[in-house]
Amino acid sequence: MSIRTIEQSVDAEERPDKERWRPATRILVRFGLVYFGLFALLSQVILEFPGLAVWWGPIAAEWPQPVVEWVGRTVFGTAVVHRDSGSGDTAYDWVLSFCVLVTAVAATAMWSVLDRGRTEYRTAAGWLLVSLRVCLAGTMLSYGFVKAFPLQMPSPSLTRLLQPFGDSTPMGVLWSQVGVSPVYESLLGIAEILCGVLLLVPRTAVAGALLSVVGATQVWILNMTYDVPVKILSFHVLLMALVLVAPEAHRITTVLLGEAAGPSTAPTPRTANGRRIAARLQVGLLIWLIGAGTVSSAASWQQRESRSELYGIWEVSAFLQDGQSVPAVLGDEIRWRRVVFDQRTTADVQTMDDRFRPVRAEISADTRRLTLHSWNAAEAVLPWASFDVERAAPNQLRLNGAVDGHPVTMELTRYETDRFTLRQSGFHWVTEFPNNSCVSGRPACPSPSASSAR
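Quick note, the sequence shown lines up with residues 2 to 455 if you use the numbering used here.
No lab work stands behind these hints, which were simulated from the structure alone.
Cβ atoms here follow ideal geometry from the backbone N, Cα and C, with glycine treated the same way.
Among the hints, erroneous ones may be present.
Using C-beta positions, here's what the derived DEER-type ranges look like [as the list claims (entries may be wrong)]:
(1) Met172 / Ala110: 33 to 43 Å
(2) Gly285 / Arg370: 47 to 57 Å
(3) Gly292 / Pro67: 16 to 26 Å
Using the sequences and the hints, build the whole thing.
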C-alpha cells in the first residue's frame, strides 16, 4: 500500500471529527435513537423476531402498563386496558405511543443540554441506521412469509360467501379481495421478503430501503382507507423506511435525473471493524430470519385447520321444535335457516333473520354425533346443541337432538358451493364481456339464454 493511499485512508478516518453538523441534524439523531429504540422494544417490532416473543413479550406488555394506564386516566381522562385482541390500534396502544413520544422529546432535550458541545454524531447515526435496517427488515420478512404462504388473508370462507356484500366491513372486503387470489397474495409476500433481504445485505441496503418505502406506503394507505387496525405499526414501518432513504436522497435524485452519483456519504459505524461487525450481524440475522420464517410458515401452512367432515352449506328444509313444525318465516330469530361447516372444529348457524352465530363444533369419529358449544367461555361448559346425525345421501342430512334444552329435528340439504359466481370465475385469456359490470339486457351484453348456454 502506498504512502498516498495510507494518507487518504487516515484522512477519511479523521474527517468526521472535523465535521460540524447542523443543530437540527444532531437533535434528530438524538431523538431518533431514543424514539425508535423505545418504540421497537415496546411494540410489535421486536416481537417479529423469532423466539423473542416468548420471553420479551410479557416484559414489553407488563413493564409500561402502570404508566400507560396512569397517563390514560390523567391526561386523556379514559381508562385504557392492555388486551391481546389482535388489534394494534387499541386505546392502550395509542396512549403507549404518546408516552414513547413524550419520553423521547424529554430525553432529547436533556441530552441536547448535557451534550451541547458535540459537533457530530456520525458513529451514533451509523448504528441508528443499522438498527433501523434490522428492525425494518425483520418486520418486512415476518409480514412477507405469512403472505408468501397464503396464511394472513385466506380464501373467503363459506360463511363469507353467504353474507351480503353490504354487511362486510372495509377490512373484510380487503381480506376477501386478496384472499380470492392466493397467487397475488404470495407475490405480495415475495415482494416484502425481497425488501427484507435487500435491507440486510450491505451493498443493496439502499435498494431495499427504496423498495420498502413503496411497499410500506401501500400497506399504510390500505390500513388507513380500509380501517385495518395496524395503523400505528404500518406508519412507523413507513417512517423507518423514509429515515433510511433520507441520507441517500441527494444521490437517488441525481441518478433519477440521469447524472452520475458519487459514493455514499451516509453515516456508518466509524471503524472498519465496526462496519465488518455490522455487516456480519446483518447477514447472520438474514440467514436466521429466512430459515426461521420459512420453517414457521411452512409448518403453519401444513397444520392449518382441515375441513369439517360435514363440509358445506346445509339448507334447513324442515325444522321441528318441541314436536311442532316451525315454518320458514323471514325475521324469525329461533328457526335455523342454514348450518355452515367449513373448518373442522367450528360451524356457523344462520337463523331466519339472517344472523350468523359462530359455534364450536365437535363431530364424532363415525360422524354420527354432533355437539355445538357456544364461543362464550361462560356458556361453553355445557353443549348449546347436540344431535344424532343421519346421512341418507351425500347431500341429505337429518339432525335429531336438542337446542338450548328444546327437542329439535331438522332436515337439511347441501347447497352446491361451486354455484357461487366467485368460485366459478377464473382466469381467461379471451373475455368478450367484462364480468364485473355486465348487466344482461344491455346492447353489449349477452342475453340470459346465451349466458345459461355457457
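Structure-based check of all given hints:
For Met172 and Ala110, the hinted distance range of 33 to 43 Å is satisfied, since their beta carbons lie about 39 Å from each other. Separated by about 53 Å at the C-beta atoms, Gly285 and Arg370 satisfy the suggested range of 47 to 57 Å. Roughly 38 Å separates the CB atoms of Gly292 and Pro67, a value that falls outside the hinted 16 to 26 Å.
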